[in-house]
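S.K.: Protein chains in written order, with the UniProt record's numbering: chain A, 1 to 215; chain B, 1 to 194.
All clues given are correct.
Listed next, the stretches of chain B that the computed footprint assigns to chain A, with coverage defined by at least 3 CB atoms under 8 Å from CB atoms of chain A:
id, stretch
1, 48-59
2, 67-73
3, 88-99
Here's a subset of chain A near chain B, in silico, CB distances under 10 Å, partners left out:
id, residue
4, ALA3
5, VAL78
6, ASP80
7, VAL84
Keep in mind that the hints were calculated from the coordinates and are not lab data.
Just so you know, these numbers come straight off a predicted model, no measurement behind them.
Glycine residues also receive a C-beta, built at the ideal position from the N, C-alpha and C atoms.
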Amino acid sequence: MTALIALFWRDLRRAWGSGALWIPVVFFLLVATAFPFAVGPDAPLLAKTGGGMLWVAALLAALLPIDRLVRPDRDAGVLDQLAVRGFADELIAAVKIAAHAIGFGLPLLIALLPAAALLAQDGARVATIAAGLALAIPALAALAVLSAALTANLKGGSAIGGLLILPLAVPLLIFGAGMLDPSGRGAAKLLAAVSLLLTVIGPFAAGAALRGLRE
Amino acid sequence: MAELLRFDRVACIRGDRLLFEGLSLVLARGEALWLRGPNGAGKSSLIRLAAGLLRPAAGTVTRRERCALIDEAAALDPELPLRRALDFWARVDTVDGHAVDRAIAAMALAPLSDVPVAMLSTGQRKRGAMARVIASGAPIWLLDEPANGMDERARGLLVAAIAAHRANGGAVLLASHFSLGLKDVAQLDMGALA
Chain A
1 MTALIALFWR DLRRAWGSGA LWIPVVFFLL VATAFPFAVG PDAPLLAKTG GGMLWVAALL
61 AALLPIDRLV RPDRDAGVLD QLAVRGFADE LIAAVKIAAH AIGFGLPLLI ALLPAAALLA
121 QDGARVATIA AGLALAIPAL AALAVLSAAL TANLKGGSAI GGLLILPLAV PLLIFGAGML
181 DPSGRGAAKL LAAVSLLLTV IGPFAAGAAL RGLRE
Chain B
1 MAELLRFDRV ACIRGDRLLF EGLSLVLARG EALWLRGPNG AGKSSLIRLA AGLLRPAAGT
61 VTRRERCALI DEAAALDPEL PLRRALDFWA RVDTVDGHAV DRAIAAMALA PLSDVPVAML
121 STGQRKRGAM ARVIASGAPI WLLDEPANGM DERARGLLVA AIAAHRANGG AVLLASHFSL
181 GLKDVAQLDM GALA
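Produce the complete structure using the sequences and hints provided.
M.R.: This is the structure we're talking about:
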């Protein structure tokens, strides 16, 4: 257990320490900044469309750090060292997913506040988006680690990784943004269900991919 | 004699190439086996088989105890000072700080313990990786070209560490294309297997 905690903190430290994990957050804010320039500073229009835009931005921001999640550890021999110590690949994947969910999710939720303000979202909508993102973040982290593990052996893997994730993440986008629709009352439950499914499958699929890296 | 590692008629295929087959060996406490042979003879593959990182195409590999592995990747976080990079693996291996202290002393790394791993030279990093192996407390050492990049003095430290490990009842599987001058060591010429 101490070993897994050490592993979790290492991933978190590397994510925040390197500064590279702020790139998704900056990207998220950039989209929120650029969107009003594109559609015009019409507050009612922004309020109506901004929520969906924030979801698209969050999804794309989740794709950015893919090449940093697994490949450096594989190249440095860290994954081999963990395998020699008998850790199950699923466990390593689960720890990586947890660390990525916290390391990427927390800054994203904080960045949501200024981003939502830029897109004229009122308090209730910000709360809905935040709740939806909080539900979706474990699933986004699971998908990110999965595609990172699948593409760690490929050159230009992060672009392919994005293509791999996107179809799987579409349900999150539909139900997450659907929570903002006044008529979409079941969306939160469906989002939670999809997120749960992806989060549970994630460690097993990513673990199998990590095992495949050694062959 | 307590057996730590056993290969039973093991075959290894990498890509489409059969590296070796029908290989049997036993490594017991206090023993050392030097795998020698030209590049590509399968020394590293045999080490990775022993570590459980590769699956044998045929036969079985049995490990009775924990392993510590050193290969071309140091597995030390480059941005961390050496001491903290080693402390991470000590936490993973659940050994205390004294084990790291002793390993740092054994590899004469005390003056470098505050230096970030990225700043270390190849040989210094190799010594750091060797300290990681020593600190792990694992009875089976799997050393794949541990002396690469090491200078004369560091090699002396490595030989001494291996001798101390064997005296403590550990076993060493060593792949090296040149002799380290180890005493009382069995040899396996991988070049002759092909």
